[in-house]
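Peer 1: Since the structure of chain V is provided, determine the placement of chain B on it from the hints.
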Amino acid sequence: MISFTVNGAHHDVDVPDDVPLLWVLREELGLTGTKYGCGIALCGACTVHLDGKPLRSCTTRVGEVAGKEVTTIEGIAATPMRAVQEAWIAHSTPQCGYCQSGQIMSAISLLKAKPRPTDAEIDSVMSANLCRCATYVRIRSAIHLAAEKLAGDGAPKEPDPKP
Amino acid sequence: MSEPSPSDVGRRDVLRFGAAAAGGLLVQIAVPGCAPPRFGGVRGGVFVPNAWLIISPDDRVTFVLDRVEMGQGTTTSHAQMVAEELEIDPARLVIATAPAGRAYDNPDPLLLMQVTGGSTSVRTSYEPLRAAAATTRELLKAAAARRWGVAVTSCVADNGAITHPSSGRTARYGELAIAAANERVAVPALKPASAFKWIGKSVPRLDAPAKVDGSTIYGIDVKLPGLLTAVILRAPAIGAKLKGFDGSAALREPGVSHVLAVPTGVAVVASSYWRARRASALVKVEWTEGAIALDTERLRAAFHARLREPGKVLRADGSVARAEGEAATVLEAIYETPYLAHATLEPQNATAIVKDGRCEVWAPSQSFGLAREGIRRLTGFAYHDIVMHQTAIGGGYGRRLAQDYVLEAVTIALRIKKPVKIVWSREDDTTHDVYRPMSVTQMRAGLSRDGTLTSWFERMACQSIIGQIAEEWGQSIVPNSLPLAMKSLAARGAATLYSGGAITDPSSLEGGRDIAYAIPNIEAEFAAINVSVPVGWWRSIGTSNNVFAVEAFFDEVARAAKKDPFEMRRDLLAHAPRARRVLELAAEKAGWTTALKPGVARGIAQTTVFGTSIAQVAEVTVEGRHVRCHRVVVAVDCGKVINPDLVRAQIEGGVGFGLGAAMSQEITLAKGRVEQSNFHDYPSLRMHEMPVVEVHIVPSEEPPTGIGEPGVPLVAPTIANAILRATGRPVRRLPIRRAMEEAK
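Chains V and B, in that order, give the protein sequences.
Just so you know, my numbering puts 25 at position 25 of the first sequence, and the rest follows in order with no gaps.
Just so you know, my numbering puts 693 at position 693 of the second sequence, and the rest follows in order with no gaps.
Here chain V stands alone, though its shape is the one from the complex (with noise of 0.2 Å):
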């Protein structure tokens, strides 16, 4: 059995703990927004945070997770970093929405460690993460956005140097 928490439900799994972390959540758990893409840590569909740090479930063994706290997709709208995905919405992003999930995770990550980031860092975190209807002109967007939302200021953001 092991214990783990995930958007602040505790629960405990029955399963050997070399199995990915991702399919726990999806098939163990229900929890089917965080999303299989490549099983090989490539594409970033499955990216949840643990103890805050983002985290490919698909290449982490669930028994790495034991006693931790695990955050998903599902549990953002609770939390002040809704602001991430009110601005995906405002700047239409998605498309097929399947790496979404994912994007998402990692621009709440990015954003934590950067809270104004640049063009550069936003590429330099982003980059792990595939989308294949190539959404990019539009997550980079969502950031900024983002970004100015969870500052509060309003205030635009420093212009960036163009390529």
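Simulated from the structure, these hints should not be mistaken for laboratory data.
Do not take every clue at face value.
Claimed, not checked - Here are some of the chain V residues that sit facing chain B, going by a computed Cβ distance under 8 Å:
1) Leu29
2) Ala45
3) Ser101
4) Ile104
5) Cys133
Don't be surprised by glycine CBs; every beta carbon is placed ideally from N, CA and C.
Peer 2: Chain B in isolation, oriented as in the chain V frame:
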């Protein structure tokens, strides 16, 4: 709990309606065959005026979306079209997904079945959806007028209600729904564009809220009581057949219920994906060796050899032979494009229940027309015993026009008699796709002494997609009202015509045979080649091959003629105002004539695809072998625009999709096996590689044309053309990264 999204609510409502009405309302309204569709009345306590609208007494207005949402924005664009004539805020519509039904056939003459593809969704829905909504609005008005004893013409539909301004009376649509079912009206005239409230507006995506909180249900997310999950161990080589297997060790694993042979391999069924996947490693499988002669280098040689024989002539203006005889110079070049996978981020999957002579399926499919016909042939069930539920789609790009994964789910469900979901791994998906066909294309151009382009010749060696699946396609088009034997005969006849070359796949030479340039002598040939590599439609279809060859060769010709590639194109498009206008607009917005930093070059290209004229200018930095595209300026004329922001999004995404493919993607074969397996060796564009995309839309009141695909095909040639200008060396083979490496 978060507010349910429209699409989420819609999906649940479909299920609820299905359960509430005898036999299922949405199933019932979609009864196929020759009988007239059973619309226009009250069914299950709600008003169903046509195939797309359901109005319930509790004032819920449901729009049944039949052009499936796969990111291209049909949820929003189509809701806007309905809302416009129905006089309601599109955000108030509950969006349901259409079941399988011939009422939802795509009327495009090349499709004629329930299918979403070919950038047809707005074009083919624009009139019918508005007419359906306008008629419904008039029925509601008539019901209100009768209730109040006033003239219909004195009633106004506005914001989801009918009002009678002179008396101040008002009734919500829901209050009038049941009464409206008894009214009869003629199809009214549609609103003029000047009166549009919703069409032409950048309405925010209606599917966005449920796509940012994880609540959208994709095919892979479907849950059902007692649902099992299957994975399939697939043939390692194309054409390899199962010799035998031993599943005993896998069957001893907890949760594993079945190990069975299916046409595509050995299925391992368990209580969850991870259990099935783990146990699958314990199955011993033996395969025949398959088509081990399939090898990319050998295929290239065969395709090149095919070019030495004539193809089927699909266009012949004037005489290329005579013009080449008279030309001062005849230029020739051969262009190559590789097989490409679709790599939808959601791997292929489907869920099926087969029980009591009835089949129920949940699938992220682009064609319920093909899926249901395939299921009918597999099970022998009549259409009305095959119930289809559309899920959200995690990337389509043409991949989900093929229904292989749906048939796998039904095959297994039929055998094990339990609800089952088939889930492909990423490796399955990369190695068992229906690939964008590879092509080798010979181009020739005749130039007179003064640099006038006198002739243009294209011969493309490529597989025909339709040729490979003609029978399946034909079966799905032919109505079931024909006796089944005749239906099969008709479909087989179509297949024979295709494979015998009597009919040519119309998509193969798209973007090639239909070039708009005013050249007096043009010939375009399709040199069909039969290879067992499975092929399918990939976003932008034939144009993804042809437009690269045509537009990259054009710049080589312009260079030989010592002409500016923009000016030469413009001069040859004098008679094609739409194409010329977008070309000029793209050049102007890109600053075509302005100076660039050293090492930076621009490339330009244009085409008209899916009825849409589009031109792009790419700015590209070339440093040795390293190529980076950092800005793409796009001008597009897609006729009347329903939602400008959705058009921009499709162009942005199309450019990114095309750029990833142009730069890095190729599927290669060795000993009959696909050599790529996941995103490490089949890379997709990432954020740091995404250029700035500037989209300029030409205002137009012409009928709408396609937008989902036109952003894709120009990316490769514009970058190739920029590289040619920067280095003097043409790029004649995709992907560009390989071409640059091999150039050294």
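Peer 1: State for each hint whether it applies.
Peer 2: Here is what the structure says about each hint:
1. Using the Cβ-Cβ criterion of 8 Å, the hint placing leucine 29 of chain V at the interface with chain B is not satisfied: the shortest such distance is roughly 11 Å.
2. Hint status for alanine 45 of chain V relative to chain B: holds, with the closest Cβ pair at about 6 Å, below 8 Å.
3. For serine 101 of chain V, the shortest C-beta to C-beta distance to chain B is roughly 5 Å, which falls under 8 Å, so the interface hint holds.
4. Checking isoleucine 104 of chain V against chain B by beta carbon gives a least distance of about 6 Å; that is within 8 Å, so the hint holds.
5. Annotation: interface hint on cysteine 133 of chain V holds; nearest CB of chain B at approximately 5 Å, less than 8 Å.
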